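Participant: One letter stands for each residue in the lines below.
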Amino acid sequence: MKSTAILVNEDTRVLVQGITGRQGAFHTKLMIDYGTKVVAGVTPGKGGSSIHGVPVYNSVLSALRKHPEINTSIVFVPAQYSLDAVLEALEAGIEIVVVITEGIPLRDELILVNKARSMDRTIVGPNTPGVISPGVGKVGIMPSQAFSRGVIGVVSRSGTLTYEVSMEISEVGLGQSTVVGIGGDPVTGLDFVEVYEMFINDLATKAIVIIGEIGGDAEERLADHIKRSGVEKPTLAYIAGMTAPPGKRMGHAGAIISMGLGTWDSKRKALENAGVMVFKAPWEISRALLNII
Amino acid sequence: MKSTAILVNEDTRVLVQGITGRQGAFHTKLMIDYGTKVVAGVTPGKGGSSIHGVPVYNSVLSALRKHPEINTSIVFVPAQYSLDAVLEALEAGIEIVVVITEGIPLRDELILVNKARSMDRTIVGPNTPGVISPGVGKVGIMPSQAFSRGVIGVVSRSGTLTYEVSMEISEVGLGQSTVVGIGGDPVTGLDFVEVYEMFINDLATKAIVIIGEIGGDAEERLADHIKRSGVEKPTLAYIAGMTAPPGKRMGHAGAIISMGLGTWDSKRKALENAGVMVFKAPWEISRALLNII
Amino acid sequence: MKLYEYEAKEIVSKHGVKVPRGFLAASINEVRDAVKKLGGEVVLKSQVLLGRRGISGGIRFAKTLKEAEEASLELLKMRISGEEVKQLLVEERICVDKELYLALTIDRPRRAYAILASTLGGVEVEELVKRYPNALIKITVDPVTGPALFTSRWLVEFYNLSKDLEPQVLKIIDSAWRLVVEYDAELVEFNPLALSCSGELIALDVKIVIDDNSLYRHRGLMDKAYRGLSDAEAIAKRHGLSYVELSGNIGILCNGAGLTMATMDLVKIYGGEPANFLDIGGGASSDQVREGVKLLLTNPRVKVILVNVFGGITRCDEVAEGVISAISEVGSVKPIVVRLIGTNDSIGRGILMEKGVKAFSSLREAVATAVELAR
Amino acid sequence: MKLYEYEAKEIVSKHGVKVPRGFLAASINEVRDAVKKLGGEVVLKSQVLLGRRGISGGIRFAKTLKEAEEASLELLKMRISGEEVKQLLVEERICVDKELYLALTIDRPRRAYAILASTLGGVEVEELVKRYPNALIKITVDPVTGPALFTSRWLVEFYNLSKDLEPQVLKIIDSAWRLVVEYDAELVEFNPLALSCSGELIALDVKIVIDDNSLYRHRGLMDKAYRGLSDAEAIAKRHGLSYVELSGNIGILCNGAGLTMATMDLVKIYGGEPANFLDIGGGASSDQVREGVKLLLTNPRVKVILVNVFGGITRCDEVAEGVISAISEVGSVKPIVVRLIGTNDSIGRGILMEKGVKAFSSLREAVATAVELAR
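Residue numbers (the working numbering), protein chains in the order written: chain A, 1 to 293; chain B, 1 to 293; chain C, 1 to 375; chain D, 1 to 375.
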């Protein structure tokens with residue numbers, strides 16, 4: 001499979017769901033400024049208007065009827081309506097749905113993620129900064145200045161920490177092929193393993209950077225996968241939370257039973273055991289990359 | 001992908017769900033006689049007993065704990081309990097579930113078929129005679145004498161009609177690689193297209209025979225698929241119901257809206273249009289095959 | 001299993017869907033009462049389960065009491081696709097602005113339910129699909145969670161209705177989905193669904209078909225499953241057989257719908273005419289076979305009987321026993337051509353032989369013989 | 001959000017799950033009344049939301065009224081993980097034959113719910129997973145349809161219980177699933193689930209955790225979300241901030257949990273000690289930032305404040321305004337080290353500059369400076 005970027009490429013045509021909201025409107029402008037082809041927006045009841053030159057429709061159905069080239073959607077609608085917005089995008093035939101919204105109830109997330117998987121569609125998120133293929137386009141909310149076109153594939157569970165690490169990679173002159181935020185919630189559409197495999201198959205990606213955090217077992221599952229498949233491209237990781245006191249809940253990870261996993265040490269061990277280098281500061285990663293590439 | 005049979009091969013290890021029932025017990029014997037490796041059976045409440053030398057367990061869980069090599073299940077449980085039996089098999093990790101049971105409510109079928117698909121497992125049926133790879137094994141209820149080892153892949157929506165056509169193929173000396181009944185209900189796990197693709201990738205299969213009937217649009221969908229993918233192996237079809245008066249309901253097809261499709265003529269046209277030869281009697285198929293192979 | 005229109009309307013109106021005011025009437029007197037209670041123009045609708053009522057003249061409009069009496073006199077004498085018209089639904093006539101189509105049914109390729117909607121109401125759905133595909137949309141309905149919230153929004157937009165009608169559309173969708181969940185409906189059709197001159201959505205006709213396989217969990221509906229069947233069909237159904245009357249003279253009994261249809265096709269190809277479709281299903285007992293054969297033996301139109309069984313889950317010995325006991329019970333002298341093969345076929349053939357019935361193993365020979373005998 | 005044990009037991013017992021008889025008591029008098037009503041031996045259980053109650057001595061057994069009085073006197077003075085014990089659950093003591101574990105929770109890798117069951121009840125689940133994985137089974141629960149019928153059959157077999165107990169197991173599973181459907185529970189744990197000497201299944205402890213993101217659809221639970229929080233945590237929560245008190249002297253405020261933890265890690269690496277974790281989340285307003293900074297300014301343990309914001313959906317101008325208005329409201333003279341970068345960062349830096357606050361763009365420099373100032 002050949003590609004020069006994953007998830008977001010030259011053919012990406014974007015629908016913005018919740019385009020008339022504060023965040024939707026603001027980031028529509030930033031995406032357009034970055035060169036992303038934002039084709040249409042949806043806000044029920046606001047059909048007929050336009051935002052930054054983008055026509056607004058009452059439903060995804062009417063947006064797709066007018067713009068059948070749309071293949072990607074970005075969702076800014078409030079958490080209460082996110083499940084319905086995603087189902088609407090899927091039913092209309094959209095391939096990739098990037099769910100920016102934070103705070104969606106877990107059960108709604110389970111339903112939407114499973115629905116998309118059963119239809120062989122891709123959900124990025126929820127609670128994700130989105131996807132950026134520097135120089136090609138961004139479907140997300142990340143600050144463009146942190147990124148530059150290059151050869152490192154970045155996949156992350158975190159939002160802002162991704163910008164931090166990516167900026168370091170940009171500053172040493174390597175840049176990124178694509179940067180994917182899988183989302184910070186316990187249940188996500190794409191997971192580390194799937195994005196990792198996309199990067200392995202991506203011609204533009206020469207090395208892969210994983211950005212994780214304590215809690216859950218997403219990093220351990222990736223380590224398992226790499227151990228089974230063997231390291232095909234240099235892979236480096238940065239895990240936040242090394243010094244977080246055990247037993248305290250840091251942010252959104254929630255009270256979900258961790259099944260004995262999820263500490264910084266368990267993640268580091270699992271990844272190193274699979275041949276992944278683990279670093280303790282964002283700038284250490286970019287330095288190490290310079291030695292590899 | 002290399003193989004010498006599809007769905008049922010040398011590695012097939014079978015669990016019989018509903019093994020102590022009249023049909024379950026009878027066909028367990030016939031499957032064993034045919035050489036199929038029937039490893040265990042399940043009937044809740046009958047755990048600890050045995051049928052034709054096959055140990056019976058109370059649950060699929062305990063059967064799999066004792067016989068982790070089981071990868072295929074055949075379901076004979078009454079329609080009321082079939083949904084639960086299939087869910088149980090899936091949860092226990094069984095890869096292929098062959099559902100013989102007839103008369104399962106449509107909504108239950110929709111739930112079980114979707115569940116299996118979302119788990120990347122295979123359901124054959126419901127309301128199927130099962131699968132036989134002649135000389136290798138059978139997981140089904142078909143009379144063995146109609147089949148012989150050979151090079152023709154047969155896929156059918158019908159039960160007994162499959163035996164009829166297969167017997168003709170056996171009698172001219174060609175035999176079958178594998179024979180798959182996808183099941184006669186409006187909703188099935190595997191469909192024509194999926195089994196057709198398996199046969200295309202199967203080294204043992206030199207030509208493919210489709211057995212359809214009027215009603216629904218399964219044959220038309222296959223024709224669409226073949227038209228798009230091109231004819232990669234000779235494909236022949238026999239469709240029952242050429243002389244059935246329109247508007248009358250023949251058997252199980254039900255009152256489901258046919259979306260304007262489903263007549264004998266629409267199926268014949270669609271298939272011929274895709275390069276598939278359509279015949280009007282079972283023996284014509286075997287004669288035509290002789291000319292091809 | 002189909003419900004009568006009046007039953008369907010009763011259910012959906014309990015769910016909050018608007019239907020015309022109306023009364024059921026089985027006699028001229030009852031029609032008269034209904035018309036008086038309704039006042040104004042009325043519609044008289046034959047309550048039947050089969051056939052296409054509209055085209056058969058089973059629906060009449062009446063402006064006066066007299067017109068209504070005359071029309072109902074005719075209707076109550078009618079037969080539609082062989083079914084007697086015993087009851088009429090007498091309804092107020094609705095002033096209609098626009099006729100729409102809405103149905104919830106199975107979407108086979110997507111393995112889900114689907115809502116079908118069209119701006120061309122009153123047309124049959126097969127017609128819609130074939131001739132006006134652009135006037136039709138299909139919205140997938142998850143078989144577990146049901147219609148998503150956006151569905152009513154899409155429909156209002158597609159139908160080009162005022163936003164105020166969204167709650168009414170939602171009620172209609174909800175009603176259809178409740179019928180799936182509570183009654184295992186496989187089709188709920190509102191056709192036409194009228195936008196009335198006063199701006200309301202009113203279901204002028206409602207069709208509900210219940211999944212026969214689910215009837216065991218809807219005991220209340222079970223006895224309704226026999227309505228609209230002919231005597232022979234009712235007998236067959238009671239014994240778990242699937243029977244359809246045709247016009248020829250060769251009675252056909254097989255196992256499996258596909259094989260039964262194939263046998264009918266071959267009879268035709270050989271120049272014969274099938275008298276029926278009779279599928280004994282999978283794993284039939286000798287009792288079921290006996291009842292099936294008796295149906296054919298006692299049908300005066302049947303000249304020859306052709307039994308074609310390829311045993312799999314069905315056992316040929318059971319079939320043979322059924323054939324023999326039917327013959328001895330009825331004492332008929334009609335020729336019976338039997339073709340038996342598959343599971344336990346040698347036992348079955350032995351049983352038949354003992355009673356002097358010859359069993360073929362070749363389908364071609366059996367069909368040729370039956371057609372020959374029927375000439 | 002966690003419920004108290006007594007609340008959890010109230011709910012599941014309404015669902016038909018057996019729990020010990022018991023009374024809530026907030027004083028010695030109420031304890032006395034409860035013991036008298038119960039008769040016999042009792043268990044006194046501190047009602048707290050945090051910490052590990054058993055290990056902390058928060059559960060006591062008493063054979064006599066006197067023992068119960070003495071124990072509750074001590075318990076009602078206790079603090080467990082900083083939380084005051086204000087109420088006790090006084091329960092009859094159950095004669096236990098076997099202790100089991102049963103929970104319904106999220107299975108992240110399968111993107112579903114799961115039932116976890118173990119024959120080793122009374123042990124914490126993390127312990128079970130790590131040390132006794134063979135004594136544990138996991139049964140997937142579909143997030144829409146809930147537990148399949150076979151689940152109770154599997155559990156009865158796995159626990160090696162008598163078949164008669166299957167209805168009781170079913171009730172427990174149903175109760176857990178109803179909590180997911182009706183309350184968006186993310187954890188329902190019965191631990192231990194006792195097989196009593198009289199052969200009944202009795203839930204000795206029940207833990208229910210509700211998904212915080214779902215609280216908008218459970219208005220009745222919303223005010224309960226603040227229980228068990230410290231004053232600072234409650235203030236933070238009210239403003240949509242995520243706050244955890246730590247032991248150091250460098251107050252940390254960032255956007256995003258990952259960046260906040262990373263900043264804490266770096267502070268440690270540079271030799272400093274974080275005073276807290278404070279995540280303002282994504283897209284925070286200047287008001288939220290102001291309240292967050294005020295929390296740190298008014299915390300006497302905080303010597304230096306380190307603000308690290310990488311703007312994405314959060315805008316640096318909003319952050320700068322929040323910082324400035326917190327300073328002017330509190331009038332504090334604590335040093336504030338700000339690192340601002342990303343969306344609208346130049347506007348943000350301008351706002352800070354105007355008020356004499358220097359903003360770094362390098363994370364390294366900001367951390368080094370904060371640690372230096374805290375020495």
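Calculated directly from the structure, the hints in this document are not laboratory data.
It is possible that some hints are incorrect.
Quick list of simulated restraints, FRET-style, between CB atoms [unchecked claim]:
1. Ser229/A / Glu10/B: 56 to 66 Å
2. Asp11/B / Glu166/C: 50 to 60 Å
3. Gly93/B / Ser229/A: 16 to 26 Å
4. Arg217/D / Glu10/C: 46 to 56 Å
5. Lys138/D / Met353/C: 58 to 68 Å
Predicted, not measured: the structure shown is a model, and the values here were computed from it.
Glycine included, every Cβ here is placed at the ideal spot set by N, Cα and C.
Participant: Run every hint past the structure and note whether it holds.
Facilitator: Okay, the hints, checked on the actual structure:
For serine 229/A paired with glutamate 10/B, a C-beta distance near 27 Å fails the hint of 56 to 66 Å. As the Cβ distance of aspartate 11/B to glutamate 166/C is approximately 55 Å, the hint placing it in 50 to 60 Å holds. Our hint of 16 to 26 Å for glycine 93/B and serine 229/A holds, since their Cβ atoms are close to 21 Å apart. The hinted window of 46 to 56 Å between arginine 217/D and glutamate 10/C is violated, with their beta carbons roughly 34 Å apart.
The given range of 58 to 68 Å is respected by lysine 138/D and methionine 353/C, whose C-beta atoms sit roughly 59 Å from each other.
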